[in-house]
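Please assemble the complex out of the two chains, which come individually in their own frames, going by the hints.
Going line by line, the protein sequences match chains A and B. Residues 1 to 101 (the working numbering) make up the first sequence, in order. Residues 102 to 242 (the working numbering) make up the second sequence, in order.
Everything labelled a hint here was simulated from the structure, so no lab data went into it. Treat the hints with care, as some may be off.
Once the Cα atoms are required to be at most 25 Å apart in a straight line, the calculated SDA-like pairs of lysine to any residue come out as [unchecked claim]:
| no. | chain 1 | residue 1 | chain 2 | residue 2 |
| --- | --- | --- | --- | --- |
| 1 | A | Lys4 | B | Ile238 |
| 2 | A | Lys22 | B | Arg229 |
| 3 | A | Lys22 | B | Leu236 |
| 4 | B | Lys231 | A | Gln80 |
| 5 | A | Lys47 | B | Gly239 |
| 6 | B | Lys231 | A | Pro16 |
| 7 | A | Lys6 | B | Arg158 |
| 8 | B | Lys231 | A | Val37 |
| 9 | B | Lys217 | B | Asn162 |
| 10 | A | Lys22 | B | Gly133 |
| 11 | A | Lys4 | B | Gly239 |
| 12 | B | Lys231 | A | Leu44 |
| 13 | A | Lys22 | B | Tyr131 |
| 14 | A | Lys6 | B | Asn162 |
| 15 | A | Lys47 | B | Ser233 |
| 16 | B | Lys231 | A | Thr46 |
| 17 | B | Lys231 | A | Gly20 |
| 18 | A | Lys22 | B | Lys217 |
To give an idea of the interface, some chain A residues facing chain B are shown, with a C-beta separation under 7 Å as derived from the structure [unchecked claim]:
| no. | residue |
| --- | --- |
| 19 | Pro16 |
| 20 | Asp33 |
| 21 | Val66 |
| 22 | Gly73 |
Pairwise CB distance ranges, derived in the manner of DEER restraints [stated by the list, open to error]:
| no. | chain 1 | residue 1 | chain 2 | residue 2 | range |
| --- | --- | --- | --- | --- | --- |
| 23 | A | Gly20 | B | Thr138 | 26 to 36 Å |
| 24 | A | Thr57 | B | Leu218 | 46 to 56 Å |
| 25 | B | Ile222 | A | Thr57 | 50 to 60 Å |
Ideal Cβ placement from N, Cα and C applies to all residues, glycine included.
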Amino acid sequence: MYIKPKFLNIGASTDPDVVGYKIYWSIPPVVIDFSPVNGVNVGLITKIALPVVGMPTIDGELNIGVTAVDDVGNESDPAQGTFPFDFIPPSSPTGLSVSDV
Amino acid sequence: MKKMLRKVSLIIILVVIPSMIFAQPVIYPYTGRVNVTFGWDHNKDANFDHYEFEVKRLGINDTVVEIFTYGTLNLTIVILRPRAGTYEARVRAINNSQGTFIYSDWCSSLNPACAKLKTGINGAWKVRWKISAPLIIGPID
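Just chain B, with the same shape it has in the complex (with noise of 0.2 Å):
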């Protein structure tokens, strides 16, 4: 019996956990060149000087092709489609220390443990814009 157990529980870590930390990220998509808005959550140190957020535009296997990058000081930021395509964003924080400027780490919509998904839960995410369709009116002669 014990040896029964014991096999199961190995059979669940084997199939579940890699399963829970392999998850596939979720996909947000929008339609056509429309503007997104990204919030996070931080508490500003004395020194804060302002967040920089990116968008990378993921290839086949999440390879980047392209980065766009922007600066803020609010916890949101609305950004109007680069070029459709599928994109990690991130975001860090700087504070400026007597005019040298020091880095948080990126919290990154990939990482689950830092990036929630729209109901609220942790959990990776991407966002796909997509281009707007056309409209078939019909054949002519």
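So here's chain A without its partners, still in its complex pose (with noise of 0.2 Å):
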């Protein structure tokens, strides 16, 4: 099965410190818990791919934090946003065949 991704794009952090970001997530009304271990490192990239790794693959609304990482772990703040996404694919065709003209 392909899951087409949707690409995040972030703005990147303006600080010279900043080797990486983390993606956490949640299914809206939960709010994102960011405690360090629900983050995903994903790299020093702007243009995200989703879903990443854990990230439910849903049709319809899902809260996204991002946060900034420096070499010893100091995360930023997290940036926030609510996005509508569809991971789901269609399902398969059944019952092919083929008959006489």
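Spelled out as structure tokens, the structure:
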């Protein structure tokens, strides 16, 4: 099954010590828990292909949070937004058959 | 009545005074790689040489992770964030007595007897330099 990625664009942190970003999420109405263990490191990229590992593949809204991190694990305050996603592919056709003309 | 008063006084001493002594330091946050100005009061001796100023990056349970040291002749110093984190600041005066340095005690931001809050009253404080946050522009297909 192939899930076409949706790309999340982020504006880079202006901080010179930043070495990467972490992604957090939750399904509304649950708010995001920004405990460091919940974040997924995506590296120093600003166009992130979603879903990342562990992200639910849903058809609906997701709260997305992004933090910047430095080389000793300091994390910035998060940037957050709520966006619609459709990660659920259509069901496969069935009953494929052939008949005489 | 006297017994009750004594009990109440003891409770106040046990509850209120420890909380005054062990009040958590105020944390002053700054975001980004920015300058912060530190200042202190001091009457210089005739053989004053310089001030030694330190910011100490604190880890878990306030253990010192790294120390950044600076020297100045002034009563203020402007420090550009060395690295994001939470810091204790401290300063001491150094005299030069015929080529020998003589050091004052440190005045630490964690010592409420020595440190002043931004309100002007005595109190312990730390500085937290935070990393600048990114922006979410949004998803695109």
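Hint-by-hint comparison with the structure:
no.: 1; hint: A/Lys4 to B/Ile238; result: 20 Å, holds
no.: 2; hint: A/Lys22 to B/Arg229; result: 21 Å, holds
no.: 3; hint: A/Lys22 to B/Leu236; result: 12 Å, holds
no.: 4; hint: B/Lys231 to A/Gln80; result: 17 Å, holds
no.: 5; hint: A/Lys47 to B/Gly239; result: 10 Å, holds
no.: 6; hint: B/Lys231 to A/Pro16; result: 12 Å, holds
no.: 7; hint: A/Lys6 to B/Arg158; result: 40 Å, violated
no.: 8; hint: B/Lys231 to A/Val37; result: 19 Å, holds
no.: 9; hint: B/Lys217 to B/Asn162; result: 22 Å, holds
no.: 10; hint: A/Lys22 to B/Gly133; result: 18 Å, holds
no.: 11; hint: A/Lys4 to B/Gly239; result: 17 Å, holds
no.: 12; hint: B/Lys231 to A/Leu44; result: 18 Å, holds
no.: 13; hint: A/Lys22 to B/Tyr131; result: 21 Å, holds
no.: 14; hint: A/Lys6 to B/Asn162; result: 42 Å, violated
no.: 15; hint: A/Lys47 to B/Ser233; result: 18 Å, holds
no.: 16; hint: B/Lys231 to A/Thr46; result: 20 Å, holds
no.: 17; hint: B/Lys231 to A/Gly20; result: 15 Å, holds
no.: 18; hint: A/Lys22 to B/Lys217; result: 37 Å, violated
no.: 19; hint: Pro16; result: 6 Å, holds
no.: 20; hint: Asp33; result: 17 Å, violated
no.: 21; hint: Val66; result: 5 Å, holds
no.: 22; hint: Gly73; result: 10 Å, violated
no.: 23; hint: A/Gly20 to B/Thr138: 26 to 36 Å; result: 31 Å, holds
no.: 24; hint: A/Thr57 to B/Leu218: 46 to 56 Å; result: 50 Å, holds
no.: 25; hint: B/Ile222 to A/Thr57: 50 to 60 Å; result: 55 Å, holds
Checked against the numbered hints listed earlier, the structure breaks hints 7, 14, 18, 20, 22; every other hint is satisfied.
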